[in-house]
Amino acid sequence: AQSVTQPDIHITVSEGASLELRCNYSYGATPYLFWYVQSPGQGLQLLLKYFSGDTLVQGIKGFEAEFKRSQSSFNLRKPSVHWSDAAEYFCAVGARRDDKIIFGKGTRLHILP
Amino acid sequence: DAEITQSPRHKITETGRQVTLACHQTWNHNNMFWYRQDLGHGLRLIHYSYGVHDTNKGEVSDGYSVSRSNTEDLPLTLESAASSQTSVYFCASSESGSYNEQFFGPGTRLTVL
Chain X
1 AQSVTQPDIH ITVSEGASLE LRCNYSYGAT PYLFWYVQSP GQGLQLLLKY FSGDTLVQGI
61 KGFEAEFKRS QSSFNLRKPS VHWSDAAEYF CAVGARRDDK IIFGKGTRLH ILP
Chain B
1 DAEITQSPRH KITETGRQVT LACHQTWNHN NMFWYRQDLG HGLRLIHYSY GVHDTNKGEV
61 SDGYSVSRSN TEDLPLTLES AASSQTSVYF CASSESGSYN EQFFGPGTRL TVL
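In order, the protein sequences belong to chains X and B. Read the first sequence against our numbering and you will find it ends at 113, with the numbers running on by one and no gaps. Read the second sequence against our numbering and you will find it ends at 113, with the numbers running on by one and no gaps.
Everything labelled a hint here was simulated from the structure, so no lab data went into it. Where hints are given, some of them may not hold.
Only some residues are given here: those of chain B computed to face chain X with a beta carbon under 8 Å [to be verified]: (1) TRP27; (2) GLY40; (3) LEU45; (4) TYR50; (5) GLY51; (6) TYR64; (7) THR77; (8) SER94; (9) SER96; (10) GLY97; (11) PRO106.
Only a predicted model underlies this, so the values are computations on that prediction, with no experimental measurement involved. Ideal Cβ positions, reconstructed from N, Cα and C, are used throughout, including at glycine.
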């Protein structure tokens with residue numbers, strides 16, 4: 001069965017600093033991988049996804065993620081964070097045999113002014 | 001614009017009462033999902049449906065039921081509410097295919113006293 005681990009529950013960075021959120025997955029084949037963002041009191045919004053091809057994926061709001069098969073990782077990055085990036089971020093993995101996706105427990109991002 | 005809505009947005013009920021949470025989508029998606037979100041657990045899948053009259057149990061389905069009588073709606077029923085079911089509930093929908101983005105509703109905050 002697939003699973004997702006987000007090792008960091010909370011991350012704090014200063015505004016303008018770079019960001020990397022970690023995600024490791026477990027799945028027997030090449031999975032579908034997603035990053036979602038949840039602003040306070042809101043539902044989840046897709047930032048980006050990977051399902052094949054180029055392992056560096058560009059998303060909305062200036063985010064990118066890199067799929068590394070050898071490390072079973074799909075880390076999310078942003079070169080310079082803005083105060084509006086403060087939110088909770090979820091990594092998710094989808095199996096190719098059904099339409100469900102499994103979410104990690106999330107990383108809450110705090111931004112220092 | 002297509003959207004996915006949930007009602008009510010907030011609900012307080014008493015232990016033992018039956019509660020139904022509504023989810024309505026105008027994307028014409030085949031797939032619909034119900035999740036609960038709790039601190040430290042991320043999002044956990046309760047029930048899901050791949051089409052009209054199709055329903056399936058997720059990882060935390062005990063005490064919940066769903067029915068799918070049309071494409072647009074997937075109501076979630078708590079047969080006899082328990083305090084352990086106090087949570088934030090999210091509905092999502094997607095096109096068929098696990099590489100497809102799930103679109104999330106705004107959530108329903110349920111408190112069981």
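Hints, verified against the model:
At about 14 Å, the closest approach between the beta carbon of TRP27 of chain B and any beta carbon in chain X exceeds 8 Å, and the interface hint on this residue is violated. At a threshold of 8 Å, the smallest CB-CB gap from GLY40 of chain B to chain X is about 7 Å, leaving the interface hint in force. A least Cβ separation of about 7 Å between LEU45 of chain B and chain X falls short of the 8 Å threshold, and the interface hint therefore holds. About 7 Å separates the beta-carbon of TYR50 of chain B from the nearest beta-carbon of chain X, less than 8 Å, and the hint is met.
A cut of 8 Å between beta carbons decides the hint on GLY51 of chain B: the least distance to chain X is about 11 Å, and the hint is violated. Of the supplied interface hints, the one on TYR64 of chain B is violated, with its beta-carbon coming no nearer than about 16 Å to a beta-carbon of chain X, more than 8 Å. For THR77 of chain B, the interface hint is violated, since its Cβ never comes within 8 Å of a Cβ in chain X; the closest pair sits about 21 Å apart. At its closest, the beta carbon of SER94 of chain B sits 7 Å from a beta carbon of chain X; the interface hint therefore holds under the 8 Å criterion.
A least Cβ separation of about 6 Å between SER96 of chain B and chain X falls short of the 8 Å threshold, and the interface hint therefore holds. A least Cβ separation of about 6 Å between GLY97 of chain B and chain X falls short of the 8 Å threshold, and the interface hint therefore holds. Against a cut-off of 8 Å between C-beta atoms, the interface hint on PRO106 of chain B holds, since the closest Cβ of chain X lies about 5 Å away.
The structure does not agree with the numbered hints 1, 5, 6, 7 stated previously, though it agrees with the rest.
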